[in-house]
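Visitor: Chains A and B, in that order, are what the protein sequence lines are.
Quick note: the first sequence uses our numbering, first residue 1, plus one each step.
Quick note: the second sequence uses our numbering, first residue 1, plus one each step.
These are computed hints drawn from the structure, not numbers from a lab.
One thing to keep in mind: the hints can contain errors.
Which copy is meant is left open, because identical chains are indistinguishable; a pair holds if it fits in one copy or across any two.
Said to hold, decoys possible - Using 27 Å as the maximum straight-line C-alpha spacing, the simulated DSS-like pairs for lysine-lysine come out as follows:
(1) K4 to K29
(2) K316 to K229
(3) K344 to K37
(4) K90 to K344
(5) K316 to K145
(6) K90 to K4
(7) K145 to K229
(8) K272 to K197
(9) K90 to K62
Please read these numbers as outputs of a predicted model, since none were measured by experiment.
Listed below are the residues making up each chain.
Number of protein chains: 2
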Amino acid sequence: MAQKTAYNVAVVGATGAVGQKIMQLLEEKNFPINKIKLLSSKRSAGKKVVFNNNEVTIEEAKPESFEDVDIALFSAGGSISKALAPEAVKRGAVVIDNTSAYRMEENVPLVVPEVNNEDIAEHNGIIANPNCSTIQMVAALKPIKDAFGINRIIVSTYQAVSGAGAQAVEELKTQSNQHLNGEEMEANLLPVSGDEKHYPIAFNALPQIDVFGDNGYTFEEMKMINETKKILHDAELSVAATCVRLPFFTSHAESVYIEVEQENVRVEDIWKQLENANGVVLEDDPKTQTYPTPLSAADKEEVFVGRVRRDIDNAKGFHLWVVSDNLLKGAALNTVQIAQSLIKNNWL
Amino acid sequence: MAQKTAYNVAVVGATGAVGQKIMQLLEEKNFPINKIKLLSSKRSAGKKVVFNNNEVTIEEAKPESFEDVDIALFSAGGSISKALAPEAVKRGAVVIDNTSAYRMEENVPLVVPEVNNEDIAEHNGIIANPNCSTIQMVAALKPIKDAFGINRIIVSTYQAVSGAGAQAVEELKTQSNQHLNGEEMEANLLPVSGDEKHYPIAFNALPQIDVFGDNGYTFEEMKMINETKKILHDAELSVAATCVRLPFFTSHAESVYIEVEQENVRVEDIWKQLENANGVVLEDDPKTQTYPTPLSAADKEEVFVGRVRRDIDNAKGFHLWVVSDNLLKGAALNTVQIAQSLIKNNWL
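Isolated chain A (complex conformation) (with noise of 0.2 Å):
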């Protein structure tokens, strides 16, 4: 089949915080888009909204949406990824899942293209989009690990309220307002809306981040632990993490110490490889205090990596800061990263 110059793409979640930067990216980027198509919620369908310079209606996100879609990209929740996934898939749609629904099925590709893009080419029709958190560090891990080798990462995580969703956003607002006002703090939301307990998030750490598992970790640090073992191709790979929300509103940062195979390796070493990686920039001079923030990565593309040092007592052990904007290289970017790659070497 000779292939297409032009696609049609639906957007599931259309009116959440992920399906809004996808859209944005979709344009900024001149995606090849033939016919658009903005499915939500039956609440928010109706709505419409500007897109490439047109007036587009959202629909209402049905089966039936999805005759004729080319490539349908999902982000509007767990649910409705497994209820309407299949369905696209069904009506001839390739899917790229921006939820946790599939990450982990075995017949499901999870990927990151800097890290695992031929992957792609395995799919059955759905693509999966890993976590915010786990993108980012394997994408600055996967060069060294390609150069060195590394058996062993213990990750502690600094994350933006965003992660959360567009009412968390709001949340941390209010209550940063109200404590600044020398008023109580009114929690609502976080650490996780359809859990039990609220806490303040403003000017607090709350060392949960989606619910608890039996075993005493949150999925949210599972998700990191089982996802880099399935991107890296490396079961045998140990990973620890725990996961925390910070009151911040963008980007997630993380404290990543690894254990490298090879003998010898210097900071010089690991420097190198992260400089030609691709998506990554190395902002890394103690001597002129250069190094990540939230702030600083906020609203670029890269995966930043700076504090690379070497472990004072294990010669193979090395610790770094990981910074990249989560709703972009964390959610929408990748996903639309998979979409062009799909076209670009013919998988759809």
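Knowing the structure of chain A, use the given hints to seat chain B on it.
Guide: This is chain B only, laid out in the frame that chain A set:
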């Protein structure tokens, strides 16, 4: 010599954040004071404050200030301690120093009373109070180390701005208001007042506390590494630290990974040690979302521990979340507790 029943106590840095907390604790704990002497820089001298219902005039700290002083509590910065602590000792006072000036000196005990109280007996006039982040970590780990051995610690910190002084607290407030009002944030102080560059802390995270050393670690990180080994009397212990300043006012939190020496240690065994430990409170129940946070630990004297869980890959590895008020147990309270122990054990 018969022991006194009340002591002449000097507080050096009486107008600072820690100095004020020290005075408050001396009052609250009915510290046996004969005469209090409040000392400060020339600039603050002459101010009057109320202590134990008496008005006390703050005096400029000079060598002669320490005549007749039994116990001198220093928290006015390293250069003041370097200049005046020896003068106080020469005049017969025992100095408890809250700065980093003497911490790593061989003949100066570095003490957390719950951990190495007996070291106080070895003093030669000066006892050092450890770094705030170190104190809470060793308080939580000592009972675990005693019971099961620990040979590896990797910590990532989440530190409050009050650790950088009262001006940093004001900077966080000002910047937060600026950002919430859509104004540009002005950064004049953090991460380190004396360093070249300043970055906003509000709605951000700064992976720099204190200045950088030549090895790429900050002084704060090296303090945690070196002080932990000294307090725990274990030069062979592997310790790694990444220290991050965050936009909250009070309490430091720490994501701590440890490796124990004994086989077959269970989370329940660690819980039991923490439950029975002096000055430590276990707050750990994922089912009820129970864990400490900076806000929940603020204004409390104990070190709070939650999120205890076994590493998934290393049966001897455990993760903990340790939180404590950085101005209380991290500074003023630990200082007062050392003074109490000096008296109680007749170690003056």
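Visitor: All the hints need checking, so say for each whether the structure fits it.
Guide: Hint by hint, here is what the structure shows:
no., hint, in the structure
1, K4 to K29, "within (18 Å within a copy, 79 Å between copies)"
2, K316 to K229, "both (20 Å within a copy, 21 Å between copies)"
3, K344 to K37, "within (21 Å within a copy, 77 Å between copies)"
4, K90 to K344, "within (23 Å within a copy, 79 Å between copies)"
5, K316 to K145, "both (12 Å within a copy, 25 Å between copies)"
6, K90 to K4, "within (20 Å within a copy, 88 Å between copies)"
7, K145 to K229, "within (12 Å within a copy, 31 Å between copies)"
8, K272 to K197, "between (46 Å within a copy, 26 Å between copies)"
9, K90 to K62, "within (13 Å within a copy, 84 Å between copies)"
Violated hints for the displayed structure: none, as all numbered hints are satisfied.
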